Structures are given as C-alpha cells and as structure tokens.
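Protein chains in written order, with my numbering: chain F, 1 to 441; chain H, 442 to 718.
Misleading hints may appear alongside valid ones.
Simulated crosslink set (EDC-like; lysine to aspartate or glutamate; CA at most 20 angstroms straight-line) [unchecked claim]:
id, chain 1, residue 1, chain 2, residue 2
1, H, 498, F, 308
2, F, 427, H, 587
3, F, 437, H, 600
4, F, 427, H, 578
5, H, 512, H, 622
6, H, 526, H, 509
7, F, 22, F, 75
8, H, 446, H, 510
9, H, 529, H, 653
10, F, 427, H, 583
11, H, 529, F, 75
12, F, 427, H, 622
13, H, 498, H, 510
14, F, 437, H, 599
15, F, 427, H, 599
16, F, 427, H, 600
17, H, 474, H, 510
So the derived list for chain H, only partly shown, Cβ under 7 angstroms to chain F, looks like this [what the hints assert, rightly or not]:
id, residue
18, 559
19, 561
20, 609
Just so you know, the hints here were simulated from the structure itself, not pulled from any lab data. All values reported here derive from a predicted model rather than from experimental measurement. Ideal Cβ positions, reconstructed from N, Cα and C, are used throughout, including at glycine.
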Amino acid sequence: MTALSTETSLAKRAAGIPFILKKASLSALVALVLFSLMIGIRTEAGPDGQLTYWTRFGELASLVGLVFGGSIVIELLRQWIGPTGAENLVPAPVQRGLSFLGRYLAPVLLIFTILLPVIFYDQRYILDLAILVLTYVMLGWGLNVVVGLAGLLDLGYVAFYAVGAYSYALLATNFGWSFWICLPLAGILAAFWGVLLGFPVLRLRGDYLAIVTLAFGEIIRLVIINWQSLTGGPNGVSGIPRPTLFGIPLDNSDDGLAAKLGIEYSPTHRIVFLFYLILALALLTNWVTIRLRRLPIGRAWEALREDEVACRALGINTTTTKLTAFATGAMFGGFAGAFFATRQGFISPESFTFQESALVLAIVVLGGMGSQLGVALAALAMIGGFELFRGLEHYRMLVFGMAMVLIMIWRPRGLIGHRAPTVYLRKAQAISSDLVKEGHG
Amino acid sequence: MSGAKILDVNQLTMRFGGIVAVQELSFSAERRKITALIGPNGAGKTTVFNCITGFYKPTGGTIRLAHDDGKVIALERLNDFRIAKQAKVARTFQNIRLFPGMTVLENLMVAQHNMLMRASGLTFLGLIGAPSYRSAEQSAIDLATDWLKRVGLLDRADDAAGNLAYGDQRRLEIARAMCTEPALLCLDEPAAGLNARESAALSELLLSIRGDQGTSILLIEHDMSVVMEISDQIVVMDHGVKIAEGTPREVRDDPKVIAAYLGADEEEAMAVMESGS
Numbered sequence: 001m002t003a004l005s006t007e008t009s010l011a012k013r014a015a016g017i018p019f020i021l022k023k024a025s026l027s028a029l030v031a032l033v034l035f036s037l038m039i040g041i042r043t044e045a046g047p048d049g050q051l052t053y054w055t056r057f058g059e060l061a062s063l064v065g066l067v068f069g070g071s072i073v074i075e076l077l078r079q080w081i082g083p084t085g086a087e088n089l090v091p092a093p094v095q096r097g098l099s100f101l102g103r104y105l106a107p108v109l110l111i112f113t114i115l116l117p118v119i120f121y122d123q124r125y126i127l128d129l130a131i132l133v134l135t136y137v138m139l140g141w142g143l144n145v146v147v148g149l150a151g152l153l154d155l156g157y158v159a160f161y162a163v164g165a166y167s168y169a170l171l172a173t174n175f176g177w178s179f180w181i182c183l184p185l186a187g188i189l190a191a192f193w194g195v196l197l198g199f200p201v202l203r204l205r206g207d208y209l210a211i212v213t214l215a216f217g218e219i220i221r222l223v224i225i226n227w228q229s230l231t232g233g234p235n236g237v238s239g240i241p242r243p244t245l246f247g248i249p250l251d252n253s254d255d256g257l258a259a260k261l262g263i264e265y266s267p268t269h270r271i272v273f274l275f276y277l278i279l280a281l282a283l284l285t286n287w288v289t290i291r292l293r294r295l296p297i298g299r300a301w302e303a304l305r306e307d308e309v310a311c312r313a314l315g316i317n318t319t320t321t322k323l324t325a326f327a328t329g330a331m332f333g334g335f336a337g338a339f340f341a342t343r344q345g346f347i348s349p350e351s352f353t354f355q356e357s358a359l360v361l362a363i364v365v366l367g368g369m370g371s372q373l374g375v376a377l378a379a380l381a382m383i384g385g386f387e388l389f390r391g392l393e394h395y396r397m398l399v400f401g402m403a404m405v406l407i408m409i410w411r412p413r414g415l416i417g418h419r420a421p422t423v424y425l426r427k428a429q430a431i432s433s434d435l436v437k438e439g440h441g
Numbered sequence: 442m443s444g445a446k447i448l449d450v451n452q453l454t455m456r457f458g459g460i461v462a463v464q465e466l467s468f469s470a471e472r473r474k475i476t477a478l479i480g481p482n483g484a485g486k487t488t489v490f491n492c493i494t495g496f497y498k499p500t501g502g503t504i505r506l507a508h509d510d511g512k513v514i515a516l517e518r519l520n521d522f523r524i525a526k527q528a529k530v531a532r533t534f535q536n537i538r539l540f541p542g543m544t545v546l547e548n549l550m551v552a553q554h555n556m557l558m559r560a561s562g563l564t565f566l567g568l569i570g571a572p573s574y575r576s577a578e579q580s581a582i583d584l585a586t587d588w589l590k591r592v593g594l595l596d597r598a599d600d601a602a603g604n605l606a607y608g609d610q611r612r613l614e615i616a617r618a619m620c621t622e623p624a625l626l627c628l629d630e631p632a633a634g635l636n637a638r639e640s641a642a643l644s645e646l647l648l649s650i651r652g653d654q655g656t657s658i659l660l661i662e663h664d665m666s667v668v669m670e671i672s673d674q675i676v677v678m679d680h681g682v683k684i685a686e687g688t689p690r691e692v693r694d695d696p697k698v699i700a701a702y703l704g705a706d707e708e709e710a711m712a713v714m715e716s717g718s
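Just chain H, with the same shape it has in the complex (with noise of 0.2 angstroms):
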C-alpha cells in the first residue's frame, strides 16, 4: 500500500443472512483528496460506509486505512468506537444524528471528548479544577469556535442544536466530526435535503476541508452537481458490485455508467448527468 493511498478497501463482502449486500468490493482512497461514492438507490453505498467505519463487521475482506506517519491499521478489526477514536475515521450520518437538546458549543465540545478525558486525568483533575484541564477546556472551545466561524454558525454557538435550521444541521454535523481531528472523514450524503445555494456552500465547505486541513474525504452522494464539482475521484456502485472507477470526466462519459445509474434512456441520463457539469 503506496504512502498516496489513505484507504484501501479490498475485496469486501457483506451478508446480511442470505442477502449480498456488498460483493468483492475494491477500491482506494487517496490522501488529501476527496474520493466519492455513488450508485442508484440500494447500491450498498452506506453499508460499505458502516464497515468502514465500524459500524458493520464485514463478513470478508479487508480494510486498510494509512496514517500519515505511515501507521497502517485494519480496520475490519477494530470495532464501534474504536475506529473514531484510535484510527481517526469520523463520519456522518444520512439522516442527521447531533445530540439535538445540547447546544451547538456543547455538541463540538463533545466531539473532544477523548482529548478532553485525557485532560481531566479521566475526571479527577477536572473535579478539583487543576489549571491543566483549564487550558484544555479553553483550547476545546477554541477549536470548535474556529469550526463554528467556518461553517457560519458562530452566532448560534449557544442555541440547541435542534433548534437550528436543516441545512445548519447538515454543517454542524460536519464541524463535529472536523472536531474529532480525523485523519479520513466520511459524509453520507451531505447535501441531501439543501438547496442550490447551500449545496454550493458545502462544496466549499469541502474542497477548504481537503486545502486547508488536509484531510481525506469520502463522500456518498446523490447530488450530482456536488460530486462532479468536487470530487478527485469517483467510484460507481451497483447492486453491491463496482462497476467504474475514475475521475468525474472518465464516470461521467461511461455507457455502463449511464446504463447502471440512471437507467436503460441513455438520452435522459446524458441530461442529467450533463447539468451536473
């Protein structure tokens, strides 16, 4: 596994009893650049993002994720929390999952957590307020103030989350999981549900996260104008099978592509595929 690659997915399979959800799937993500998943509905899109970060145990294959410092972790073996918190995977969720009667601060700050716990001397320190954790605490706040002035939402820093509107959630689901520090972030559909223009922003959004941080992005997502704005890298799901892989140009002009995703009306996929551009 090449130092270009964070994410290598080789011969994965899921089952779900006697239903295949995902077949030998192989692909890789590289560093530094924003790698997207697509497919018609049922693809097996979310269920190959469940194994990846930990949600699902695979039935078979392997998943390799390489840190910068050249640390190579397995993750089909590491299960639940562990992937967020040791291989610094972060993802989030097709249907927005924030902690909705906390406050926007509060939901960053939670995503410390680990890095606070250690602060704390695992609460001890913290109970008796030692100046240690202080500067933690401060530092945390600075942090998810910075991500908060990134995505826009600084002035409702102190509102319940759930009270914010769709398209601020869909943000600050993604500034929590920036607030992880994550090496690979993983976002299920990040503009399902946006407009145009907020669509718009979330690209940016995005591409700074990949220029800025330099963090690897995969990405699920229907929204084509978004994947073929944004991504390095596309990879084309069906039925739990890949059946392309390349740049959005070398996707966007393949038949089996056009056939699979869209639909046996090559002219209405072209369309479509088209005002995506």
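Extracted from the complex, chain F is given alone in its bound form (with noise of 0.2 angstroms):
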C-alpha cells in the first residue's frame, strides 16, 4: 500500500517536471522581454549630448537565469507544501497559540502604549517616532469609518487632513485663539467639507468616486498652493502655536508647567504631552468608532457597503447615510490635521500630498477593512516597518513593497479580516471574511 502510493507519488512528480520546467520556460520568456531593453540596453547621454548605448548581455542573462532558477524553486516549494499555503505552513498549536494571543493582543498594546513615554523617557527618536504612528493610526481610524464600514473608496482623505491642519493654523495665528477651541472647530470644518463633497459625488459608485475624490483631494491642495493672501502659498503658515495644557504653556518661561510645578524644565515634556494628545485622540476616535457601529447608522454604514439596493428596499436614505460616514471619516482627519499643524509648527501644501492618503488608505486595507485592532497593526506596520528598514537605504522601498505584496498574498482580506457582529442573542461569533463585502463606493 505504502509502495504503491510512494509510487503514485513519485508519478505525479515526474508528470510534474516538464509542467515545471515550462512554467518556468514561460517566465524566463518574460523576463528576458522585460529586461531586454531595461537592463540589456544602456543608454546614457555622451559627453556632447548625443545618445551613447552599450549592451550587458551579461547581467541580463544572469537575471533570465535567476528567474528561471526561481520560478523551479518556487514550484517546487508549491507541490512540497501543498497548494493551501498558510494554513499548511502554520502548525495547528501555533494556530491556537495565535487565537490565544490575539484576544489579548489590544489590552497589551494598549497598556504598552500608555507606558511607552515612561519607559523610553529618554529616548527622543522613539518618542517621535511613535506620535507619528499614532498620527497614522488615528487617521486610518477616520478614513476605516468611510472606506471600511460605509465602503465608500475615498482617494482624497488627505483634503480633510489638511483642512484640519490650515483650521488650526489660521484661526490659531491670525486669531489668537487656543488650541483647545480650534481643535473642534477644525474638526467641524472638515466635517462640512467632507458633506460639500459627498453632495455631488455619492451618486457616483466604485471606480468614479475614487477618481473624484482623488481629485478633491488635489484640489484642495491647489487651493492652498494658490490662495496666497490667505494661506501663505508654498511657504506655508509659520509661528503655529504650541498646544497648552488648559492654558498653562509647556515652554521654559516662569508661567511654564515645569515652574508651576517646581521641577526642572525639559523639552521632553513637551513631547510626552503631545504624546498623550495624539493618544487621547486617537482612543477617542475608536471609541466613538466603535460605539456608533453598535448603533442604527453604523449597522446601516455596513449594510450599504454589503447591498445598496437592500438598503433602499428597507426605507434607510442612502444619501444621508453616506454623507454622515463622510462627515465622520473627514472629521477626525480634521482633528488629526489639527494635531499634525500644533506638533510642527510649520505646515505647507507639501505635507498634503496625495501620498499621504494613499498611506492612509493602504493602512486601512493592510489592516483588514472595517477593524480597528487591523488598522493600528498596519499603521505600526507601515510606518514603524519603514523605519525598520532605515538601514536599507535605497533598497528600502523595494524591501517595503515585497513585504506589501508577500501580505497581500497570505491575508488578501487585511491582517484581521473577518467581522465582529454588532448585537447578538447567544454568541458572538466573527464572520469570515469571505462572506463580507467590499462595497462598491
């Protein structure tokens, strides 16, 4: 019995050695295509401007082979491992192990993050490092309510953010005011914003709202870049107020927080606090997240996102359910962009890049739409993991989106796809993330 199936086996290997072989045939193929004229062919400008070229013949068959090499230790790795991948790859008390650990994976970050200025008092580097995480986590947190419960794809989440930004920083600078009326009214003018554009654009769906969207989100900027007398053009608003603690300043001078209290002034201080700020900001938009998911309009963000049409059938009015998830999502990258303005001090139309909300967004998909935990994971991911790669130099990119795609392989849904049930009678149970729909914008 155990001959014949070692047999049957081996059968099935030697069936497999010409498929192999020209599985890999077919990717030396394209490679030597694609690489023919990048890497075969170089072209550079000779010493009176005309073109001058040579060929490396070399290194391109070097790459063709590498391929080719590759693409038979893949294959190979594939039928040894078996066609499931991850789930074979990952022992079953390794599985358990994971569960394990992931119900309890939230209480300990968040018990980490509360005591990271206490343990890394010192450490300034890493102090920065993770108020910029947080930025990130409190935005793919606003931009998870649109993108991932309401499933409208929103390419231009950087326009709120920077309306948030230029609230504060105005009406800070030109008014005088604190940081602590700014901050809801910078939330507030994102907030309208974000209803001026959803009026004419929630007709649209899927693709044609993300293009308008994106679009918006560049508009905004162009505004900024040439609205001069207002928002300083290029050179961008300066002098930005410091956040003060309900009115006492964080700073060197005899009214300060370190006079008041009788201890040394150091600059630390002041990041600890902004620390806290981002922190408490970022609690707060997942609380109200979570919260407002638990109601009517939060049930209803996600039943448009899995059926439109159901939604009409049942009396809810898809209009204003989406403009309130685009209220919402824009809102808190107001309140962000408040933050981001009173940390640097400085903010210009350079930061509001369209890069900035494609992190956003990749941070909300990596993180598996609609969850929160995901979303904080992808942000540390993202932006901590970019860091990591520091050493890397140039290289560092390439690294970054190998280790997107290898994600993106293994967990298509996000790091957690599946959902927690809003209300139930017994159990909650999570649902698989086959089940859950994308939406279509």
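Assembly of the complex is requested from the two constituent chains, each provided in isolation within its own frame, with the hints serving as guidance.
In structure tokens form, the structure reads like this:
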C-alpha cells in the first residue's frame, strides 16, 4: 500500500517536471522581454549630448537565469507544501497560540502604548516615531469609517487632514485662539467640507467615486498653494502656537508648567504631552467608531457596504447615510490635521500630497477593512516598519513593497479580515471575511 | 378608492426607450388579502413591482396606496427609500438581497433602522447610551426574535446571513421585510428555488402573515401550487398588459390565460394548472 502510494506520488512528481520546466521557461521568457531593454541595453548621454549605448548581455543572462531558477524553486516548494499555503505552513498549536495571543493583543498593546513615554523617556527618536505612528493610527481609524464600514472608496482623505491643519493654523495665528477651541472647529470645518464633497459625488459609485475624491484631494492642495493671501501659498504657515495644558504653556518661561510644578524644565515634557494628546485623540476616534458601529447609523453604513439596493428597499436614506459616513471620517481627519499643525509648528502644502492619502488607504486595506485593531497594527507596520528598514537606504522601498505584496498574498483581506457582529442573542461569532463585502463605492 | 382596497394601480405604463414593458395596466389589491401577479417570463411583472416599490419611475399612470387610517399616498410621486419609509411598502427580491456579511439578527436590526434612528435621537442620544435608546434597541431585538421564531431561524440568529441555506435565506428576507412593519408586502418570486416541502412551509408563513399581522401581500410567483393555494385574487399579465383577473378558480379556467400563459397546447396547460390545485 505504502509502496503503491509512493509510486503514484513519484509518478505525479515525474509528470510535473515538464510542467515545471514549461512554467519556468515562460517566466524566463517574460523576464527576457522585460529586461532586454531595461537591463540589456544601457543608454546614456554622451559628452557632446548625443546618445551612447552599450549592451550588458551578461547581466541580462544572469537575471533571466535567476528568474528561471527561482520559478523552479517556487514551484517545487508549492508542490511540497501543498496548494493551500498558509494553513499548512503554520502548525495547529502555533495557530491556537496565535488566536490566544490575539484575544489579549489589544489590551496589551494599549497598556504598552500608555507606558511608552515612561519606558522610553530619554529616547526622543522613539517618542517622535510613536507620535507619528499614532497620528497615522488616528487617520486610519478615521478613514476606516468611510472605506471600511461604509465601503466608499475615498482617495482624497488627505484633503480633510489639510483642512483641519490649516483651520487650526490660520485660526490660531490670526485670532490667537487656543488649541482647545480650534480643535473642535477644525473637526467641524473638515466635516463641513466632507459634506460639501459628498453632495455632488455620492451618486457616483466605485471607480468613479475614487477618481472624484482623488481630484478633490488635489483641488484642496492646489487651492492652498494658490490662495496666497490667506494660506501663504507654498511658503506655508509658520509660528503656529504650541498646545497648552488648559492655558499653562509647556515652555521654559516662568508661567510654564515646569516652573509651576517646581521641577526642572525639559523639552521632553512637551513631547510627552503631545504623545498623550494624540493618544487621547486616537482613542476618542476609536471609542466613537466602536460606539457608532453598534448604533443604527453604523449598522446602516455596513449594510450600505453589503447591499445598497436592499438598504433602499428597507427605507434607509442612502444619501444621508453616506454623507454622515463622509462627515464622520472627515471630522476625525480634521482633528488629526489640527494635531499635526500644532506638533509641527509649521505647515505647508507639501505635507498634504496624494502620497499621504495613499498611505492612509494602504493602512486601512492592509489592516483589514473595518477592523480597528487591524488598522492600528497596519499603521504600526507601515510607519514603524518603514523606519525599521532605514538602514537599507535606497532599497528600503523595494523591501517594503515586497513585504506588502507578500502580506497581500497571504492575507488578501488584510491582517484582521473577519468581522465582529454588532449585536447578538447568544454568542458573538466572528464572520469570515469571505462573506463580508468590500462595497462598490 | 374604497377602504377595502389597499393598492390601486391605474393605467400604469412603463417604457424603456422604445420598448413598452407595461402598458396601461390597471388592477387593485384588497386589504388583508393576498394578490398574486402571474404571467409568462418577460410579461412585465417585475417591472410593475419596481414601479410600485419606487425602483422605477413610471412613464404614466397612477399608483395609490391607502393606509388603514385612510391616508392615501401617491406612490408614483415618491421615490426610492421613501416608499418603504413613509408608504410602508416592503419588498423582497427575485435574486435574494440579504446583507451576507452581517448576522441574521443584524439583518433584522437594519430593517428597523428608521425606528431606531428616531429612538437614538439621530445617533446623539445613542452615543451617550441614553436609557430610552436602550429600551428601543431591546424592543427591536424582541421583534427580530419573534420573527426569527416564526420563520424557524432562531438558532441561526448569530450566524452570518451568507452562510444560510438557500431556503433559509428566502425566509430571512421575508422576515427582514416584515420587520419594517409594512402595510403592503411585495414578494418577488418567494418560492423560486424551493423544494416542495419548503414551498408548503412558505405558503403557511404567508397565510399567517396575512392572518395574524393583517398585512396585505402582493406576490409574483411561478410556482402554481403556491399561487393557487394561497391567493385570494390573481392578476394575469402577458406582454405588459392584463389579460385576466379573478379568483384562482376563475383564472384557472380562463381559456385566454391558458393560451397565453402556457402556450397554445391546451391539454398540457390544463395538466399543469390542475397539478397546482
């Protein structure tokens, strides 16, 4: 029996060899076509401005060979491991351990985050990085309302971030209003622009919505650049006031917090204060989002993502539902923007490019659309991970891109793909990501 | 329009470009009765449904809905979600449209959206956890539980709707429509894809909805066993016009219906019609 099964498996493998070779040859052929111009021929401007070129067949051959060999290795690995991949790769006890870990991951992460300034008090770099990560966590959670819950693809989220930042910067520098008055105003103004954008575009769906939101993000940036009398144009706004602890500045003066408490002044105080400020703002975003999900409006968002036609048949006003999603997401973006302005002390249109929108959207998609913990982990991985590869210098983007591709192969629905129900009779069961829709805009 | 009629469709016409899908169709549905709309494929039944439920705007004609309190609503003037919200017309779809990634219970909670939105003070009261909202949510869960019991899905309440068997999904869609507490329930082929036992259970469910809730039902159906058993009134359409109307017995014996609906072969037609009785 054993002999027989060994024989058949051998036969299978033997039958597979031509297949593997064929596949590898095809890959090599594609590589040859691609690289023959990219690598095989090197062109440069000569000393007199004319075009000079020379061939590099050696490099071309080695690369094509590499693709051929790599393709064989990957195919062999796949046959050896089996078609399903990840499930077979990770043994059952490890998976159980991971699910156990998963239950306590969120509280442990939260406690660690709260204690972070205590642990790394002297390490300014880590504190700064943590503030940056938390800013993106907050942006991710804000965009998650629009993309993850309501299923509306928004490529111009940075517009609301910019509106929030400029709202605070201009109100504070022109009128001298304090951060705590400007913060809600920045949120309200961003939400207002969210609704303004929402009205014309919400009849669009899918790709069309994405393109219009993308354009909106660019329009806001261009308006900021060109409206020089108000925004200072490309020079930006500088001298934005630092936040105060309910009127007590965190500086070296006699009225400062350090002097009042009778302790020695240190610039780290301000960093730690900013850290807890963004942590509080991010946790507020998280709390409100979790809360909203369990309210009828949140359920309507998710229902909209699942099936818009059915929503209409149930008497749900899809327009206002979409608008509230846009406004809520935009408001959190505005808060984050106000924080960004007060932290930097200087803002310019360069901080609000499409790349920021793409980064935040990548965080939401990577985290698993709709999952709060997933978005936080993804922000940590994207921003923190990007810093981690700093030593690799200009290969950093390459490594980072490859890591992204690998994660999307293994976990196509994001790090945390399943969905937790908002209400239950007996037992809350996680819903598999296969059933949850992504929305069509 | 008398008090006995809940729905009065008058001279309804729907054109798509040059194609006339429905032409000057008039019929009415009685209160607390089951009215069936039947006809061969392409007769325009679903188009009529889409006009009544606001998914299409009719090219011409009127659709009047009379509530129990005597209020008359012109459905052809309302659009979209307002027909479900204000006119209290609920519908199901020929190809089931549940929220597959949400649990069975969540599906029924979404159906009570408008009631819960009011109770949550447009979200703000709900956000701070006001007791009035909590009690409203509990009563919504109770209503959902009641319907889950009636359609026999109570033990599946916390499963994803997309994981239910086909027949269960059909029943859940009806329960979801009923959770909006409609005056008129429009069902588009509710028995499609069900086996004989499930069809019988569906008939029973629809009869109990008519009997216990007093909800009027408008039904498109191809399954003659269901139509003939439960309908009080049948409207037969072909090529966008009404060709017959009456009780199941009258319609079954109408030679025009037999000819149009089941083709010219009268003997075969009779056999199919009889099998449904």
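Consistency of the hints with the structure:
no., hint, in the structure
1, H:498 / F:308, "holds (18 angstroms)"
2, F:427 / H:587, "holds (18 angstroms)"
3, F:437 / H:600, "holds (16 angstroms)"
4, F:427 / H:578, "holds (18 angstroms)"
5, H:512 / H:622, "holds (17 angstroms)"
6, H:526 / H:509, "holds (16 angstroms)"
7, F:22 / F:75, "holds (11 angstroms)"
8, H:446 / H:510, "holds (13 angstroms)"
9, H:529 / H:653, "holds (18 angstroms)"
10, F:427 / H:583, "holds (16 angstroms)"
11, H:529 / F:75, "violated (59 angstroms)"
12, F:427 / H:622, "violated (27 angstroms)"
13, H:498 / H:510, "violated (26 angstroms)"
14, F:437 / H:599, "holds (18 angstroms)"
15, F:427 / H:599, "holds (7 angstroms)"
16, F:427 / H:600, "holds (9 angstroms)"
17, H:474 / H:510, "holds (17 angstroms)"
18, 559, "violated (9 angstroms)"
19, 561, "holds (6 angstroms)"
20, 609, "violated (14 angstroms)"
Hints 11, 12, 13, 18, 20, counting from the list given before, are not met by this structure.
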